[in-house]
Amino acid sequence: MRVLEASRVAATAIAANRLRSALTILGVVIGVMSVVLLVAVGTGARNEVTAGVEDLGSNLLIVAPGSFEFGQAPSASRFTLEDVERLDRALRGRAAVSGQIVSGETIRAEGVSATSSVLGVTAGYDQVLGRVVSRGEFLNASDVATGRRVVVLGASAADGLFVDVDPIGRSVAIGGLRYRVIGVTERLGAALGVDRDAQVYIPVTAAQRLFGTRRVDTIFVRPPSADVLDAVSAEIEFVLGERFEQDEFSILTQDEILGVAGDILDTLTLVLVAIAGISLLVGGIGVSNIMLVSVSERTREIGLRKALGARTRDITLQFLVEAVALCGVGGLLGIGLGVGLAEVATRFSPLPADVTSWSVALAFGTSLTVGVVFGVFPARRAGKLDPVVALRYE
Amino acid sequence: MRAPPPVVDVVDVTRSYRLGGDKDADGAVVHALRGVTFAVQPGEFVSIVGPSGSGKSTLLHLLGALDRPSTGTVAFSGRDVEGLSDAELAVLRNREIGFVFQQFQLLARTPAWQNVALPLVYRGVAVRERRRLATEALAAVGLSHRLGHRPAQLSGGEQQRVAVARALVTEPRLLLADEPTGNLDTVTGSEVMALLRQQGAERGVALVVITHDPEVAAAASRRIRIRDGCIHGEVAA
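Here the protein sequences come in this chain order: A and B. One point on numbering: in the numbering used here, the residue at position 193 of the first sequence is 193, and numbering is uninterrupted. One point on numbering: in the numbering used here, the residue at position 120 of the second sequence is 120, and numbering is uninterrupted.
The reader is advised that the hints may include incorrect statements.
What the hints assert, rightly or not - Subject to a maximum C-alpha distance of 20 Å in a straight line, what follows is the list of computed SDA-like cross-link-like pairs (lysine to any residue):
#1 A:Lys384 to A:Val239
#2 A:Lys384 to B:Gly78
#3 A:Lys384 to B:Gly20
#4 A:Lys384 to B:Ser144
#5 A:Lys384 to A:Asp255
To be verified - With beta-carbon atoms standing in for the labels, derived distance ranges:
#6 B:Gly78 to A:Arg20: 43 to 51 Å
#7 B:His145 to A:Val372: 50 to 58 Å
#8 A:Val282 to B:Gly78: 54 to 62 Å
#9 B:Gln153 to A:Leu268: 35 to 43 Å
#10 B:Ala152 to A:Thr267: 24 to 32 Å
#11 A:Ala22 to B:Arg150: 17 to 25 Å
#12 A:Arg18 to B:Glu88: 36 to 44 Å
If you're looking for bench data, these hints aren't it; they were derived computationally from the structure. In this text, a Cβ means the ideal position worked out from N, Cα and C, and glycines have one as well.
Okay, chain A solo, but in the shape it has when bound:
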């Protein structure tokens, strides 16, 4: 009996038991759906991260404390403003340098309060990180040098704190101290899950007083073009090398961040797909179980077919094709559902999903494989039935 004949018989058998067939393949449907959906979400997250990091520009160097590797806990910073100044002097004319310190603080203004990221920054931060003020002006060198209590608000922070009034010249309270608003930045949108418009900027010196520290978290260095990254990086390493050991700081480029973020996301995706794989496995066991029921239910049919000339392998093939067809249908339904849900996720959640063709192919291939693996045992059992016994079976 050829596969075509077997498929015809399988289609009849599946159609004859529609509800049972549907319940049987549910596990496979869910498994395949999960694989497609989770890979889509993982890919979407990766795209998001990539876009966010690329937004920084290819000519930015980020100097972070400790060694920056996947699996490594972030280290406490030992950088101070002095390090920022020394880098700035060493790189004058070749790259812009700015330091940053961050803390979440509650901000109050005229009865409204909001929690937001307060960034203590050095002058020139707006140029290094690409912040543009739409009204007023950004922090200048004198603000930083004197630790003046002035603040620049992100666009949505400004909207949240001041309704229908121009915030410029008004004051906000951060950590119980008054700060005068001197500027509002243009809208930037979110990047890497951070709403950059909700941030507020104060002089790094004021921030250090406020947070009670002498440290700087991160130093940003932007040369005019990516071509000189290596030279600038070497310079940074030389300057910081006077005060720090090799493993006490790291200099990151866009590519390196993408690499590390990619590793994290790959691991996450792998774990999720493994969980989906378990669901496929359970689905396969379900298929195996129902195929066994089907074999014993159709024992007389098997006996008859054998009496009429079916060989062991004809019967085995018939049931194997049925199991594979069941799983194949389950796979297709799962792919449909997965793609559909990915679409829904993209439209209605902040989680953009991106369905990849390889995950669809993998999921479908896996579901067929599940059919073969879990169909073989029941099919062989069917094929081996003794026609004498099978024909008499009640």
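Once you have looked at the hints, place chain B on chain A.
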């Protein structure tokens, strides 16, 4: 000129098996057949009668090439089943034997013509040709108007005639009927028997009917009575 070999030649056949399966060494051994010898010639009509437990069913399985003897030989058209693989036995059943069962054994939810065409599937006949042959076979049993009907839509007599058509569609040399009238009323039963005899005679197919109905048995040209696993008498009409 040499006579053609018997359709089936049974020589000194015994068949015993263990209760509880062959692997159960503790099971009691049942000697279902204790040395049976007879032959069925082409075109002959033989009936085999006997009470239940006499070894009738065991003999049926051997005549149907569904089983092998413990000792002795069973040969179809001169081919001994000893030494044939399971797959070769399946092919032999497909080519040489047509089965008619008491329970009809039709596939539910399957149209009559497809039931008739079923043995042709295992012969690798293309679907168009299968349909043509099945249509012919159903016409021969007077069911041209029932091609697409499912078993549930047919009367018992019609179902058994579909089964007869299925047995004949492969043009076997041996038509093996196991209590073919057992599930039918008397009138329908005689009609089916008449059909079997007529078709057997027309096609020169040997007909072996296993029955405990004396009337059915009496119609045969030769009657074999079996009891306690032995042939207990043989009568020619």
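Go through the numbered hints given earlier and state which of them the structure violates, listing their numbers in rising order.
-> 1, 2, 4, 5, 7, 9 and 10
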